[in-house]
Amino acid sequence: MSDEINIQELPIEELFELMQEDLYDGLADEVLEEVNEALARGLQPFEVLTQGLVAGMDIVGKDFRDGTLFVPEVLMAASSMKSGMTVLRPLLIETGAPKMGTAVIGTVKGDIHDIGQNLVSMMWEGAGFEVTNIGINNSVEDYMAAIEAHNPEILGLSALLTTTMPYMKTVIDALNEAGIRERLTVLVGGAPLSDAFAEEIGADAYCRDAAVAVDTAKKFMQIRNEAA
Amino acid sequence: MVRERRHSRRGRPSPTRQVEAITQPLHQIPVYELLDASALDKIHQVSMEILSEVGILFMDDPESLAILREHGVRVEGELAFFTPTQIEHYVTMAPSEFTQLARNPARSLVIGGKHMCFAPVYGPPFVADRERGRRLGTLQDFRDFVKLAYLSPYIHHSGGVIVEPTDLPTPTRHLDMLYSHIKYSDKPFMGSVMSAGNAADSVKMVEIMFGSEAIRQQPALISLINISSPRRLDDRMLSALKVYARARQAVIITPFILSGAMGPAAIAGTLAQQNAEALAGIAFAQMIEPGTPVVYGSFQTNVDLQSGSPVFGSPESQLALYVSAQLARRYHLPFRSGGMFASAKIPDVQAGYESIMTMLPAVLARVNFVLHAAGWLDGGLTAGFEKFVLDCEVLGAFHTLLRGIDMSENGFAMESIRSVPPGGHHLGTPHTLRNFRTAFYRSELFDYQPSEAWEADGAHDAYERAHERLQQLLASYEAPPLDPALDTELQAFVSRRKAEISG
Ligand code: B12
Chain P
1 MSDEINIQEL PIEELFELMQ EDLYDGLADE VLEEVNEALA RGLQPFEVLT
51 QGLVAGMDIV GKDFRDGTLF VPEVLMAASS MKSGMTVLRP LLIETGAPKM
101 GTAVIGTVKG DIHDIGQNLV SMMWEGAGFE VTNIGINNSV EDYMAAIEAH
151 NPEILGLSAL LTTTMPYMKT VIDALNEAGI RERLTVLVGG APLSDAFAEE
201 IGADAYCRDA AVAVDTAKKF MQIRNEAA
Chain R
1 MVRERRHSRR GRPSPTRQVE AITQPLHQIP VYELLDASAL DKIHQVSMEI
51 LSEVGILFMD DPESLAILRE HGVRVEGELA FFTPTQIEHY VTMAPSEFTQ
101 LARNPARSLV IGGKHMCFAP VYGPPFVADR ERGRRLGTLQ DFRDFVKLAY
151 LSPYIHHSGG VIVEPTDLPT PTRHLDMLYS HIKYSDKPFM GSVMSAGNAA
201 DSVKMVEIMF GSEAIRQQPA LISLINISSP RRLDDRMLSA LKVYARARQA
251 VIITPFILSG AMGPAAIAGT LAQQNAEALA GIAFAQMIEP GTPVVYGSFQ
301 TNVDLQSGSP VFGSPESQLA LYVSAQLARR YHLPFRSGGM FASAKIPDVQ
351 AGYESIMTML PAVLARVNFV LHAAGWLDGG LTAGFEKFVL DCEVLGAFHT
401 LLRGIDMSEN GFAMESIRSV PPGGHHLGTP HTLRNFRTAF YRSELFDYQP
451 SEAWEADGAH DAYERAHERL QQLLASYEAP PLDPALDTEL QAFVSRRKAE
501 ISG
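So the protein lines, in turn, are chains P and R. First residue of the first sequence: 1, per the working numbering; consecutive thereafter. First residue of the second sequence: 1, per the working numbering; consecutive thereafter.
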């Protein structure tokens, strides 16, 4: 167990394997070291991302869905992913790699439920998205300011109350008025919502849980990248 | 031989329990004390540490912060720090029990002391029944639940948002809900907490019913103020709380903790946090209006740390419930908790087990106000019609449990014991003939038949039987009389407010 390893001497496949294991175990510092080592060997940032981090998070996601991993473990894995991304993200942009995606997520005005949207944030981060979570009780102005500041491809709206759900439409209407609806993918979630409601208010999709939120966000990013 | 003509028992309707027949239960069995005095004191001490050193956030409501400051509470930003002396000073101002008025005086309820009362599920956006499945709730569903609650002798309170009437516009739906409680039931009900305006409308309607002076003497509303744990009261709840406290209407201050997410992944710590939050809210209500009736609330369970979903009926939540009741008693406050909680989606075996896991402790711990006592499914997302009917059967059984054992002469039945020879039976003794209808609680929905008879009857399970009962109940419903002048006045108020709000 306590055998010393020198990551500089590891063959590349083993380095990726170690990166995936450390990601799984939520070891942020180690993941960062391994990302830097891979880059130092001249690998493309996109390769490091897909063969190391994303491949690792795929295993995390699968084991979470299968009930092997617990939320706190996924949280640790996601924050390790995030720390690897801090190094990779600027390089990915420089090298013109396909975008992983940027998201802004928040609970609408009048609503303070945030456990669900925190889980979604965490899983999106784990999938490589750059996520800004603007918390609870957000007015149209709050969303507009966050969109202005972070220029996301994906906007996530959360509501758990039937009394605050209508405000999601208010936000979408405001996006239309501001002429920015088209460049955003609007995903909505919260236990009382449904596909029909999402359609009715003009959102792109409803996601029933965090796993679906990841798949849906990835699907929309793929469409965007293909169109680009 | 001449004899008096008597009426035969034949053809007599089966003895359905009359709404009037059963009143609010008194807790006549020992209270289950899980922690000893020193352990309980430890929880109290830790919560004092939280109150004085860690603080409670009063979010987005400058007026509340001003009230706290005026009463000597140290406020930093939006965080309030209470000293143990301040807490004690204000919490002791709250009454240990009070009466909530009902429009039928026979149905007014004592909240606190040895009294218990059972109220329907609160808040679900969806409803479900066996025929139509799960769907969004409507005003019609809301009314049907009010009727079921009215018809059950084991539900003493009409509740609040039994289900969200999602077919109505949000800014005015509270008016339709309040009016439905008044029109279709004569039991006490709950006020709306979604805004200060909604709370004011609720107060206005009970003023119309009882007079503005009468409701200051005894509250006609009880309303659910949830604390957004950890350690935060939000502006919506604070503004409703202020309206109710000023009108001396009862509020239930309920920290709502899913341990692992909104509290630590530990029970003692969760209890200390909950206690700090509840006492902060209760002290704040007393600062606004000394002596205003409050209930110490607890809604505690945990998230499933594997998936993140709330879990209902967990053993840890039972432990916490017993101790929460002890804490409320320590401060001489009425206590709210419990309920027939289930994560199950239909009233199946899982639902039954889960529900009883929380309801039995609620009974043994002596919860004064049991919200969600009937109809809860799907982690609170769905109000189940058949579940409601089935839960009521179990509540009936608890009424009997709460009475304890009759130790009178009749309770010993020595005459019966003496008269039956060894190996004989008691089925026909005078004592049995006097007592057979009431001696043992008998569910009208559970099946006690031999299996052949059950099969011959169509082999129906409880879900099916409850569905049939549901149809019968709704068909049999007759509204309690409502004074036409009062009705007109209430309707006029509702229409006027609707016009003003939609204005
Ligand atoms: C925890 C909780 C609270 C906590 C919230 C704490 C917090 N920090 O979030 C507190 C105590 C504050 C609270 C308060 C209230 N609550 Co509440 N609450 C709940 C409860 C029990 C669980 C919600 C939860 O966290 N679930 C776990 C998470 C993981 O699931 P989730 O939120 O559904 O999220 C998942 C998906 O929906 C999806 N998702 C969610 N958001 C998003 C967003 C995007 C972009 C995407 C893609 C996906 C997505 O992915 C998530 C992860 O899988 C629900 C009942 C329930 N079973 O849902 C009631 C519930 C939602 N609450 C309800 C009510 C009524 C209230 C109050 C009004 C009660 C009161 N009188 O005080 C207040 C309102 C406060 C306010 N202004 O918002 C009702 C609402 C129904 C309705 N009528 O509309 C419910 C259904 C319970 C009930 N029967 O009363 N509540």
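In short, the hints are calculated from the structure, not lab data. Model, not experiment: these values are computed from the prediction. Treat each hint with caution, since some may be false.
[Said to hold, decoys possible] In silico BS3-like links for lysine-lysine, alpha-carbon gap of 30 Å or less:
| # | chain 1 | residue 1 | chain 2 | residue 2 |
| --- | --- | --- | --- | --- |
| 1 | P | Lys169 | P | Lys62 |
| 2 | P | Lys219 | P | Lys99 |
| 3 | R | Lys147 | R | Lys345 |
| 4 | R | Lys345 | P | Lys169 |
| 5 | R | Lys183 | R | Lys204 |
| 6 | P | Lys169 | R | Lys114 |
| 7 | R | Lys204 | P | Lys109 |
| 8 | P | Lys219 | P | Lys109 |
| 9 | P | Lys169 | P | Lys99 |
| 10 | P | Lys218 | P | Lys169 |
| 11 | R | Lys242 | R | Lys204 |
| 12 | R | Lys242 | P | Lys109 |
| 13 | P | Lys109 | R | Lys498 |
| 14 | R | Lys498 | R | Lys147 |
| 15 | P | Lys62 | R | Lys345 |
| 16 | R | Lys204 | R | Lys498 |
| 17 | R | Lys242 | R | Lys345 |
| 18 | P | Lys218 | P | Lys82 |
Hint check results:
no.	hint	in the structure
1	P/Lys169 with P/Lys62	violated, 33 Å
2	P/Lys219 with P/Lys99	holds, 12 Å
3	R/Lys147 with R/Lys345	holds, 23 Å
4	R/Lys345 with P/Lys169	holds, 29 Å
5	R/Lys183 with R/Lys204	holds, 16 Å
6	P/Lys169 with R/Lys114	violated, 49 Å
7	R/Lys204 with P/Lys109	holds, 27 Å
8	P/Lys219 with P/Lys109	holds, 28 Å
9	P/Lys169 with P/Lys99	holds, 28 Å
10	P/Lys218 with P/Lys169	holds, 24 Å
11	R/Lys242 with R/Lys204	holds, 15 Å
12	R/Lys242 with P/Lys109	holds, 21 Å
13	P/Lys109 with R/Lys498	holds, 23 Å
14	R/Lys498 with R/Lys147	holds, 24 Å
15	P/Lys62 with R/Lys345	holds, 25 Å
16	R/Lys204 with R/Lys498	holds, 14 Å
17	R/Lys242 with R/Lys345	violated, 37 Å
18	P/Lys218 with P/Lys82	holds, 17 Å
Checked against the numbered hints listed earlier, the structure breaks hints 1, 6 and 17; every other hint is satisfied.
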